[in-house]
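Taking the hints into account, I'd like the entire structure generated from these sequences.
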Amino acid sequence: MGTTVEMRGDGLRSALWRPLNGFSRAYLLALAVAFLVGAWGLSCWGYQIVRGIGVAGIRRPTMWGFYLVNFVFWIGISHAGTLISAILRLTDAGWRKPVTRAAEAITVFALIIGAAFPIIHLGRPLLFFWLLPYPNSRLLWPNFRSPLMWDVTAISTYLTGSVIYLYLPMIPDLAELAQHATGWRLRLYRLLSLGWTGSDRQWHSLERAMKMMAGTILAVAVSVHTVVAWDFAMAVAPMWHSTIYGPYFVAGAIFSGIAALVVAMSVIRKVLHLENYLQPVHFENLGKLLLLMSLLWVYFTVNEHLTAWYGNSPAEMGVFGERVRGRFAPYFWFMVFCNFVLPFVLLSIRRLRSVATITIAGFAVLIGMWIERFLIILPTLSRPHLPAAAGFYTPTWVEISITASTFAAMVMFYLIFCKLFPIIAVWEYKHVSHG
Amino acid sequence: MFLTAEFSDAPSVGAAIGALKACGFDAAQMDVFSTEPVELPEGLLERPSHMSLAAVVGAASLGVLAILFVRYTQYDYPLITGGMPLFSWWATGVIFYEFTMFGAIFTTFATFLVESGLLERHHAIPAPVLLAGRIHVRVCCDAGRAVTAMECLQRTGAVNVVES
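So the sequences go chain by chain: S and V.
Mapping of the first sequence onto our numbering: residues 1 to 435, in sequence order.
Mapping of the second sequence onto our numbering: residues 1 to 164, in sequence order.
Because the hints were derived from the structure by calculation, they are not lab data.
A quick note: this is a predicted structure, and the numbers were derived from the prediction, not measured.
Please note that a few of the clues may not be correct.
[What the hints assert, rightly or not] The calculated label-pair distances, taken between Cβ atoms and stated as ranges, are:
no. : chain 1 : residue 1 : chain 2 : residue 2 : range
1   : V       : G157      : S       : I367      : 53 to 59 Å
2   : V       : W90       : S       : A389      : 28 to 34 Å
3   : S       : I367      : V       : G93       : 32 to 38 Å
4   : S       : V302      : V       : A110      : 44 to 50 Å
5   : S       : I400      : V       : L79       : 56 to 62 Å
6   : S       : A356      : V       : M84       : 54 to 60 Å
[As the list claims (entries may be wrong)] Which bits of chain S does chain V cover? Going by a derived footprint, with three or more residues having C-beta under 8 Å, they are:
no. : stretch
7   : 138 to 145
8   : 150 to 159
9   : 172 to 181
10  : 219 to 233
11  : 369 to 383
Every residue, glycine too, gets a C-beta built ideally from N, C-alpha and C.
As structure tokens, then:
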């Protein structure tokens, strides 16, 4: 069966197209594990649909649990690609070119995963269509004033824009691949390349479209996480009703996005043997960005907590106390360690900075940012204004399984993407090497 | 008729286009084909575009449509708002913003497809087969001017010129 990509042309193409061919044992093992964990998560979701949302640990007063934590976390991760890629593209940072596609792919997959969580959280996912605006039998329209509808429109716009933003610079690569591929790959690449001929009119249009998309997607990306922040900030709940939540969430999203990008790049560099293309300088630059965002994160966190502490409102102090010295304190201080102490030490001391330590810092930030999302949601819900209504949340095996499966889904999507499409844009890489 | 010349570097392509223009050929008669974007001196091969305008028009149109639609839905089934206005700019501003952005994204993509010619399913003239590191310049000319065009291309370093 002819489904290969013949490696002709220069060394660059040979190297960047090589991962498209064949399957190593490690690749197949990773794909199988990711598939099994993902399938287990899907079956747990099926179990939840059949048995009802009661199988999850969400109880009064904590009506938002792991699902909403994951929603905020994955939407944050989605800022890895489009936002970082757009900023670097608009500032014309030459070093971005081997990094952008890996980042943009993260955005699309993370958004798909993140957007699934409110649907999982619904309990009855089939009723999702009630959020779609169409004239229905009950003559009701969706409530456009609800932040839930804001989420739907913001995430739909961001997902559409991100898919286009990922797809556009892939077209020239797909056209070139179509010249060298056989079998179903040939049909796939030919279909997706839309008859690209490489004329200067097409290059001009592509570059113009990419610049305009970068500007637009930047505005959308900022709005998306601001809207997610407003899901919380619009509620008059202790430690949520804050004016800095929008920028705090956006900064956190970029922070976790860069961390995800560093980890993903480190893995594909090793697994796909792209050491010559994803060089230490790329990690070094991303490491500096990660350090900058770590400092920004700690600044926002201090702001948020100091204001609450100084205000000394009983309801806010209840949540504050839970976070810094109560039941959630171990998580809080571990989060500070992961998001600030460890990255600061590893990234600010030049001698310690290497691909390995930057990856470790990125991994720590991912853990820290997931805990941060947990700590934003749970302490506030556990300690509402009415003291008698206080409660606690313990996740069930269903929620833990579904959470684990989304990480597996991310790995699986990424592995499949790397086998279908070059993870580094050949023409962009070549273009910068000429420049 | 078409003449297609093959070059190995961007400066030669720039020189060829300059020579062709000096001989009276128009930018609309020329096409450059390559596997990577070719950086030519500014103004040498201008391609007019309406992408920015189209994006602004698309954004504004969808934004206005969103406002009209949301306003219609709020009055079509009036929810109890406790004396607050049925249609609120503050509470629905996010929706309008996102639809405006969606309009810009969609129109940018659509304009890209139109301006790049990717929607033209049947190209009358087949494009040259691209090889990495090779740049092709295609000139549209009548038979009477073919010799002039050929001279311009060969003089500026074309390694191979073919007629199609």
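Hint check results:
no.: 1; hint: G157(V) / I367(S): 53 to 59 Å; result: 58 Å, holds
no.: 2; hint: W90(V) / A389(S): 28 to 34 Å; result: 30 Å, holds
no.: 3; hint: I367(S) / G93(V): 32 to 38 Å; result: 36 Å, holds
no.: 4; hint: V302(S) / A110(V): 44 to 50 Å; result: 46 Å, holds
no.: 5; hint: I400(S) / L79(V): 56 to 62 Å; result: 38 Å, violated
no.: 6; hint: A356(S) / M84(V): 54 to 60 Å; result: 57 Å, holds
no.: 7; hint: 138 to 145; result: holds (count 7)
no.: 8; hint: 150 to 159; result: holds (count 5)
no.: 9; hint: 172 to 181; result: holds (count 3)
no.: 10; hint: 219 to 233; result: holds (count 5)
no.: 11; hint: 369 to 383; result: violated (count 0)
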